[in-house]
Structure formats: structure tokens, C-alpha cells
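> Okay, here's what each chain looks like letter by letter:
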Amino acid sequence: MKPPKFEYHAPTSLDEALAALGRYGGDAKVLAGGQSLMPLLNFRLARPAALVDLNRIASLAYIREENGQVRFGAMTRQRTIEFSPVVAQRVPLLKEATRWVGHLPIRTRGTIGGSIAHADPSAEYPAVLAALDGEVVARGAKGERVIRAADLFQTYLTTNLASDEILTEVRLPAMPAGAGYALEEFARRHGDFAIVGIAAMVVREGQRCKLARLATAGAGPVPVRLRAAEEILERQGLGEAAIEAAARKATELVDPDADIHASADYRRHLTGVLTKRALTRAIGVARG
Amino acid sequence: MVTVRLKVNGVAHEGRCEPRKLLVDFIREDLGLTGTHVGCEHGICGACTITFNGEAARSCIMLAVQADGAELATVEGLMRDGKLHPLQEAFREHHGLQCGFCTPGMLMTALDFLRTNPSPSDREIREGISAVLCRCTGYQGIVNAVRAAAPILASER
Amino acid sequence: MSVNLPRLVGARVARREDPRLLTGQGSYVDDHRPPQMLYAAFLRSPHAHARLARIDASAALALPGVVAVLTGEDIARAAKPVRAESKTPSVKTTSFPPLALGKVRHVGEAIVMVAAESRYVAEDAVEHIVVEFEPLPVVKNTDEALDPASPVLHEDAGTNLLVSREFARGDVDGALAGAALVVRERFRFHRHTPVCMENRGCLADYATGSQVLTLRSSAQCPGLVRDILTDLLSMPEHQIRVIANDVGGGFGAKASLYPEEIATCVMARRLGRPVKWIGDRREDLLSTTHAWDEIVDAELGLNADGTIVGLRAQVTADVGAYSIYPWTAAIEPVQTISFLPGPYKVPTYRGRTRGVATCKAPLGPYRGVGRPPAVFVIEGLMDRAARRLGIDPTEIRLRNFIRDEDFPYKSPSGIVWDQSSFTGSLVKAREALDYKAARDEQVRARADGRWLGIGVASYVELTGIGSAIPVSPGMPVSTGTEAATIRFDPAGKVTAVFGVASHGQGLETTLAQIVADEVGVPIEDVRVLHGDTEISPYGTGTYASRSLVLAGGAAILAGRAVREKMVLIAGHLLEADPADVTVVDGRYSVRGMRDRSVAVQQIARAAYSGSRRLPKGLEPGLEATKFYDPYYGTASNATHVAVVEVDRATCEVKTLRYVVVEDCGRMVNPLIVDGQVHGGVAQGIGAALLEEIVYDDHGQLLSGTLMDYVVPSACEVPMMEVHHLETPSPVTLGGFRGMGEGGTIGAPAAIANAIADALSPLGIEVAELPVSPDRLFRLLGSAHGAKP
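Protein chains in written order, with this note's numbering: chain A, 1 to 288; chain B, 1001 to 1157; chain C, 2001 to 2788.
Just so you know, these hints were derived from the structure itself, not from any lab.
Among the clues, some could well be false.
[Said to hold, decoys possible] Once the Cα atoms are required to be at most 30 Å apart in a straight line, the calculated DSS-like pairs of lysine-lysine come out as:
1. C:Lys2080 <-> C:Lys2103
2. A:Lys5 <-> B:Lys1007
3. B:Lys1083 <-> C:Lys2493
4. C:Lys2493 <-> C:Lys2626
5. A:Lys249 <-> A:Lys210
6. C:Lys2410 <-> C:Lys2436
7. A:Lys210 <-> A:Lys276
8. C:Lys2493 <-> C:Lys2616
9. C:Lys2436 <-> C:Lys2654
10. C:Lys2654 <-> A:Lys276
11. A:Lys276 <-> A:Lys249
12. A:Lys249 <-> C:Lys2654
[What the hints assert, rightly or not] So these bits of chain A aren't anywhere near chain B, every CB distance computed over 10 Å:
13. Tyr62
14. Asn67
15. Asp133
16. Thr155
17. Asp259
18. Arg277
Every residue, glycine too, gets a C-beta built ideally from N, C-alpha and C.
Work the whole structure out from these sequences, hints included.
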């Protein structure tokens, strides 16, 4: 299983990368961490005319706090995120999600930008982006634009990034202090893609739920924001009945696929189970 | 063709290859270091795991050209003064290998894991080594070996 | 002459293999790169069933770096067809062409071989080959295959029913008709595959000057491969060398002769250059033999006290598209009915089996062969009977085990069990688990709403078999002997050479332990060589839990012969009667006179110094080659107990405890025995919960990556508690029994029974493996009143 031939560019600046990408009329692919793209190349399921390797662009790897957001350069490694004090403090849901992303050696190379741009339906980072109402910055020939999570994911492995655009930054709102959070995931084997995963954040005010955020991984072609389930908590509070109702609602909001690992019914069922578990845990750690 | 200049186990090497050449193939063929093994070529089994600039990475889903300027460590570099590394010793004592095919990847993965978690519980050890698939040992000997080696390695740091 | 007391046999000796394997200095096939070597790749069929209309490789040959292309026609001109003949009349012999001839019968079947300067270029070339197919209807399962309206895969067989066999004893229909209770079930053991971490591969080199063909292969059976190549290639056997140095796991997957091995030899001969093919994981999942794919309709009849009166079963095995060499398609289906009665007294029996061809990869041996499904069935029936009769599942087994006073016991399929510890293993397993405490905990867990279950599986497996019994019933080759050559060099070190081929089970260590004990030297002074037909005495390889029994037995015989000669030489050197020579710690001395002694080194030197240092008439030299045939063979047995918890919400099964009490006779190295149990149980847990080969209705393999065929990682396997009984075999040299396959034989059944036990308040049985969470979810959903 060896890759087919391709032309190879390793630019050292974003401008260089965009120029290289532009030369191929959509037939070049961006190589970030490679943990998803390289297997596709090895299977010859992807056959780009060229690879534009972003790994030499040092300026694309950073973690900064700005305007109430935590901003990640697209090439920030998942491993860096896993051990980052800023992430632990400001976006702990992302840190928890990172634990579920493959294994440590995968996280050595895998990047936040790559994971989100690849948009695997079962991936954890897109679910977190959706849950936290994050956004990404994309730069292309026509300039720079900001894309909200709700608009980014189109379908399986497809974002609305144009073929000449590079995702340069991922922005997550800093989670409110004391917010409860949890990522509950079910996989066949430790480190595998989620059969279903639920990212949850809850902000409480005493017994009231000021804010609830729920998003899925693996329950459809794109992460699903379970807004109607969130509203149940925001209306009914944080008691067991509300959690049950929210979990039940969650199962109605998803239209999962079947594959050899799980039927649609089972995925739907897991959506409810994991929503309940995620909310219970998130509420448990929420302060306020 | 591209030129790749890198250090492996402290020794400088240079080679030329196509951009599409996988790092694991470059290590095995161009550098003649056949201790790193090819198990799946899609990043699941971990047999190809090496250390890339100090961190474990899967060399079957990296391109050789990406290692230009990097420092790698492979299983061949673990011995110290002709003696087995304490982790290798522990694997031997606790029967942590049978056919040996996953072993280099397992060793490099376990070492990286122990650097990030020097005193792991058994459950954490299992999570750490779950990155590498083994079909022979049922993992028990490996867990016992890593548990035994952890304090030795921790005390060395 | 007194005998050395055992020093090394029985000891936990660290493995001789480890230093090279730990330091990346193993010698696997892919590690070899002789000058001028070419790399091979195969074009594999995208169709499950199709005629081959046209193959045009001209564009491929035009690519720079591509040297040659072979098709099935080319191979047919260079090699005889591979036909695994069976002595059993009801087993149809069919051909297995190394490259497809005329038609393809499963997705992934090799059609064209390319040799090029690199694997990268070879794969590029494969993409440039044009093959025109005329698709045929896909025969997707055994029901379809048996339908007369379906196409026949092998026209010359005239049917897709390739195997039929029956074993019977007594009037089972009458016994079941009159039984107080009959439990019946349709069991489904889905398709699995061994997944060795090293993919299959081979490197062939034909030296035109010496006309010697050397084949390095990831093979378990170098001797068998050489035997068949000599026939297929019409080459003298002594001009063929097959080498299997380090092999990264076998488990039966690498025990068969494969198309790629033959094709690579043909290519190498044609080109006069070394040619290497290393399979990738995609090829492995597509074309390495699959396993255990069976439907078993079984009925167990019992008296009210739980004693068995009869067992009746119909096995249907999906044997895939080809009958593998040498085992034939019969190996899996016939083994199942041979061993279905298990360790129990089964007075009446009828086991019928069918092996049916479909458009899937061929079925072949995988650790346990036939017995994983068989034990799943019989142990599942025993538990069902226990539940229906209100008898404890361990108790019902104890009532039915073949007991000490029953041995030797002839099973309904004609196998004779000589002496096993069925009762002992179960009693000890109960103790080791603290069965009563486990049941009490289950009561508490149930009160808390948790689904906790305890599952037992006891089994017996035929091991170390000699020439009286074929490893695969009806197979064309004899596998009943192994040999050992033990040779001292003049400095007193020992080389021991065998025809077996270790691939993870540590034979370089265990055989060295036996040899060292027999000839009385430290283990460091023994070097074991194996897996190379050029240097080995005749042997076949390592499979079927035979190596330690057969090669170990031969080692004992050769060791004794050498030691006898050493005693004669020592006597001569010490000027004493050989009958007065004793051996202690490597020194040969005169009984009662400790100061008159000679060391092994002195004896060896004398042996090679010519007749002047030797007793009159004694031939110089110090080596012996002996062959050993245990004739019938022996048996190992075990009881496995699993404690599982089923997550009510996610339907995931977690294995909380796993206890094994196994008896493999006299253990040579308990470290290695433990390792074999651990590895087998892990594969068995994978088989029960995670792993499944899935084809779609068009015969496309859906489980084509390691993400889709899910083998357990360290998180899916518990810590195992392994205990040993040692009932030496009464019939084998050394009392060894052979082991290694037990983990996969017992674990699927133990896990299945534990899950059923956990769900028994809901009345749910487990009749299908693997029990994926999705499958369990559906079982729970369809059970009356059950809500996860």
C-alpha cells in the first residue's frame, strides 16, 4: 500500500502555501498532521496531483488568548493541546476531547486544523467546535474569512472550504469559569473513532441551567448541535427528569447511518445514553 | 527526487528518494535499519512507531522528506554500551514478546508514554500501550514489563 | 548409569530469541534485500465471481522500472496445478491456481503478478494493467451455494458442496426421542481471520549456476512447502531450500501453501533475479485464509439428572472459494464434528458436516481449528441444559466429564482420550475463582440492577499427533514425525537442529532446555537451529500443537543417543566400566570416586580426535539424528471461567476476571506456557466480542482495514489468572502434551456463556459470535419486556 506519485511542496510561509495550492486548480491537497490523509494516500483512495505540506510553516502553530477566545494556529499538534495549561484552564472540554483522539503517537503529529478540515463524521474535535460555537479562519486567493462551526461542516469529510483555501486558525470561545463539561464517547476499542460521541458543556446558576451545549460525533454526516435538547435543560433545569428528557430529545434530533460497526438504531440509542452520561457528568463538575 | 538529511540514533544520514517514499521504508531500505516494522500502512497497528524529535510517531504515515532536518530514534538505538535498555530487560524478564514483530513499536511507544506518565497505574499502562497491537502476548507480559520498568526509568530522570 | 535430574525442563527460563528481537535484529523475510532484488505486487480481483476475458499488461510493462509480468497462463506453463487431494471420498478435490485461470472466485484473488524495481513502481504498474471481466452471479453464502439454481464455483467439482462427512455412534435419534430434556440451538460462529502482525511475504531466488531455488518465506511449515514445490515445479527436492527464520506470528494463517509463494518462485526462476513479495494489510485481510465460519444446528439430549444421553449436530461451514493445500477445505468442518462431544461421556452421537464453497477467501486453519466453534456449541448446550434443569453449570459438567476411571475413553468420532484432568481443571478453576463468592457477588450485583455473569468452558484438544492420525482428516501428506540432530563440536558446545519452525512460541528456548538437560550441558552451550530445510533433518513445521511433543521427543531420543556415547567415551577416558559412570552437573565421573572425572569438553574433544582416544570399535564423532513418531498423539485440556459485566445502557461487554486452569502435561517452560494462554485467550476474547470478517451481498470485503476488523488492544483484554495442572502424558516422550491453541478454543465459549448467564433473568441466550454491542442491543430489544 504505497502512495501514488505526487508533486511535493514544503513551503515555509502561508503565502507560499497558498500560491502552491493555487497552481493545481483544485487538484492539490494540503498535508497537515497526515494521520488521516496519509492512510488515504497509502490506500490510493486519494490521488492528488500535489501535496502542499504545511509542517514547515512555524507561524501556523500557536495557542493564544484573544478577545475571549482561545485561538489555535491550524498546525498546533493535538499533543500540544493535550498538555497545554491554557487549554486546561480556558477550554477544558477540548483537553478532555483530546484524550479520545487516537493514541499519543497519533497526537504527536495530528493537528487541530487538520482534524477539523478533514471533517470525519466520527471525529471529536469537530464536535467540540460545534458544541462551543467555535469558528475557523480560512485564507484563500480571495483573502481571509471567518467561518462559524454551524456553516463549516457540509457532509461526510466535506467542509465549505474551497479547494484553494487553507484553514489557518481555529477559535474557541473561552468556557465560562466554573462551566461543567464532558465528552462521552463509545468506541469498539480504546482510541478508535467514536461510534457515537457527545460533547457537553453546562453553565449553572444554582439549580438553573444558564447555558447548555450539546453536539454529536458519529451520529450523522456532520456534528449535530442538539439545540432542542439544550433548550430542555435551559428551561427545565438540571434535575434528573430534565436530563432524561434532554437525552430522549437527543435521540430524535439525529439521523445516524449504519455501517458494519453499528446500526442506525443502535447509534440513535447510544446518542441518548451518552447524552445522559455527558450531562450527568458535566453537571456534576459545574460550579455556580 | 528529494534529499533527506537527518539524524538517527545520534548518527547523521543522508539519502535521496521520491517525495512519496514513506518514512518507514526510508528507514528500512535507505538506512538499512530493519528493526522498525511495517504492519498495516494505515496508522493503526503501531509496529512502525519511532521517536521523531523526541516524541513517538508512526513512520508508516509520514513521508521520508518530512524527516529532513529531524532527529529520530529507532529501536536499534536503545541499547546502552552493548547492554539492553532497562525496558528491554524488563520485556525479556516478563515475557513481553513472542514473535517480536510489534516489539520495536511497542518499546518506542512505551518509552514515550512513560516520559509523559512516569508512575502509571495498570489501567494507564494499558491505555498507553493500546496504541500498539499485539497478537501474540495478550498484553499481559507487556503490562508486567512496563510496570516493572517504570520506577527504574523514573529514577533515572 | 544414572540420569541427570531435570534442571531446565520445568524452569522459567528467559528466552534465547529475545535479545535479537528486542534490539531490532530479527531476521524476518522483509529484512532481506539481496543484490538485484525485484519487488512484486499483485493485481487482485475487484469482482467476487467473474470470467477473465482479456488481460493486457502492455502499458504496465512500458513503465520505467517494471521488469516482468506473469499471468495464470504463464504459471500454468511453469508449474503443476495445486490440488489438495483428500483420501476421504466425499471431499471434492479442486484446483487452486496461483494466479487466476479463466475465472476469479473471490474478491482479492490474485490475477496478475508484476516484478519491478520497487514496490511503489510495482503498484503503479498494477494500476496500468487492463483486465476485462465478464461478471458472474455472486454466490454469497452457503444457502445460496447449495441452491441448485446457483452457479457452481468449480465446474470440475460439479457442486459447491465440497465436503461431507459424518461421525456417528449408537442410536442418537432414539436416545433424543426418549430423553427427559432436549436442548437445541442454531449456533452461528461468524468468519474470523488470524491477523498476524507480520503480513505474509516471501523472497525467492533461483541461482542459475547451482540450479538451487531458495525461498525465504513467512511460513510455519518450510518442510511442507519444500515438499510441494518439488512436485509443482518439477525440481529435485534437494535443489530447493525453504527458510523461515523469524516469522511474525502464524496461528495457522501461515501454515498453508499460498499462491504468492508459488508465483514468486516461478517469477524468480524466469528472471534469474531474486524476487520479493511482501503482502500489505489490505492483501492480508483479503486473501490470507479465514476461519471458523460455521452454522451449527445442535441438539443435546439429557436425563433429568443432567447426564447426557445423546448429541446430534449438523455443521455447515462456509469454506470460501478454494481448498487450501495441504489441509483441504475439510479441515475446519470435519474437525468441528470430530471434537464436538468434548470432554464428556456421550453415549450416542451423530455429527454431520458440510463444507460449502462461496465467493469468499478460502477457509484455513486458525488456532483451534474447528474447536472454537465446537466448544462454543457444546458448552452453550451444556449451559442451556443446566438452566433448564436448575443444575449449577459447573455441576452439570462434573456429572458428565470423562473421569479417571473411564480412561482410555474412545470418543464418538474415534479419538481416544488417554488421560486428562477434566474434573481436576474444573474443580481447581472453581477454587481459583472462588466460585461461591463470585455467585454471591452476582446476587448482590443483580439486586443493584447490574448484569454480571459467570461463564465456564471446558474443553479437550488433540495435540502432538503422530502418523496414525492426520492433522486434517484425509489430507495428502504425513505430518506424524519430527526429527532432531544433536551435534557436539570439539569444544563441547552443542548445535541442535530441527525441522520445526518457531514463530513466536519460543522453541529455540524450550528445545534448548530439553537438549541441555538430556546431554548435561548449561543452556548457554546449546544453540537451536530450525526453520531451514537445507540444514534440518526432515520435518514439516510448526502447527497443530505438535512441535514440543514431536521435536521435543526427537530431541530426547537424540540426546539419549549422544549421552550414551559420551558415557562410553568417558568410561574409556576414566578407565572405568561405563556402567559405573555417573553424570553430575556436566562432569562425568566414576561412581564413588569424585576426583576421577572428565568434563563434557574433554569428551567432545576426544570424540573428534580419532580412534586413538576412543574405545575400540567406537565410531568417532559425537552427534545423533533421531526421528520421533508419537503415533496416536495425546491431549491437552483446560477449563476457562470468565466473569463479565454487560453495560445495560451501551450493551458493551467488559471482561472483569478471566481464570484458566490448563493441563498441558509436563511443562518445559511455564513462562512460555503462560504466554501462549494469554495470547490465545486475547484472540478468543477478540473473536467473541470484536472481530468479524464481513462481506456484502456483492462479495466485497467490508472489513478491509484494521479499523474495520477490530482486534483487541490492551484495553480490551483483562489480566488473566492462569493455573497449571501437570498430568504427564502417558504416551509421549517427556510426558509433554503440546499446547498453544487452547486460548481460542475456550475463550469464545466462556465469554458467550458469561454473557448468557448475565442476561439469564431476561431469558436471553447467546447463539451468535461475535456479540458486538449492536448485536446485543438487538437481542435485548427483541426480548420480551427488555429495555436497555
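> Between the alpha carbons of Lys276 (chain A) and Lys249 (chain A), is the straight-line distance 30 Å or under?
holds (11 Å)
> Run the distance test for Lys2493 (chain C) versus Lys2616 (chain C): straight-line Cα separation, threshold 30 Å.
Holds. Lys2493 (chain C) to Lys2616 (chain C) sits at ~25 Å (cutoff 30 Å).
> Examine each Cβ of chain B, and state whether all of them lie more than 10 Å from the Cβ of Tyr62 (chain A).
holds (18 Å)
> Could you grab the alpha-carbon distance between Lys1083 (chain B) and Lys2493 (chain C) and see if it respects the 30 Å cut-off?
holds (24 Å)
> Holds or violated: Lys2080 (chain C) with Lys2103 (chain C), Cα cutoff 30 Å?
holds (18 Å)
> Does Lys2410 (chain C) pair with Lys2436 (chain C) here, judged by a C-alpha cut-off of 30 Å?
Between Lys2410 (chain C) and Lys2436 (chain C) the Cα gap is close to 34 Å, so the pair fails against 30 Å, i.e. violated.
> Under the criterion that the straight-line Cα-Cα distance not exceed 30 Å, is the pair Lys5 (chain A), Lys1007 (chain B) satisfied?
OK: Lys5 (chain A) and Lys1007 (chain B) at ~26 Å, within 30 Å.
> Run the distance test for Lys249 (chain A) versus Lys2654 (chain C): straight-line Cα separation, threshold 30 Å.
Holds - the C-alpha atoms of Lys2654 (chain C) and Lys249 (chain A) are around 28 Å apart, at most 30 Å.
> Taking 30 Å as the top limit, are the C-alpha atoms of Lys2654 (chain C) and Lys276 (chain A) close enough?
Status holds; Cα separation ~20 Å.
> Between Lys2493 (chain C) and Lys2626 (chain C), is the straight-line Cα distance small enough, at 30 Å or below?
holds (19 Å)
> With 10 Å as the threshold, tell me whether Asp133 (chain A) passes as away from chain B on beta-carbon distances.
holds (31 Å)
> Examine each Cβ of chain B, and state whether all of them lie more than 10 Å from the Cβ of Arg277 (chain A).
Given a closest Cβ separation of 19 Å, the condition holds.
Hint check: a violation occurs at hint 6 only; the rest are consistent with the structure.
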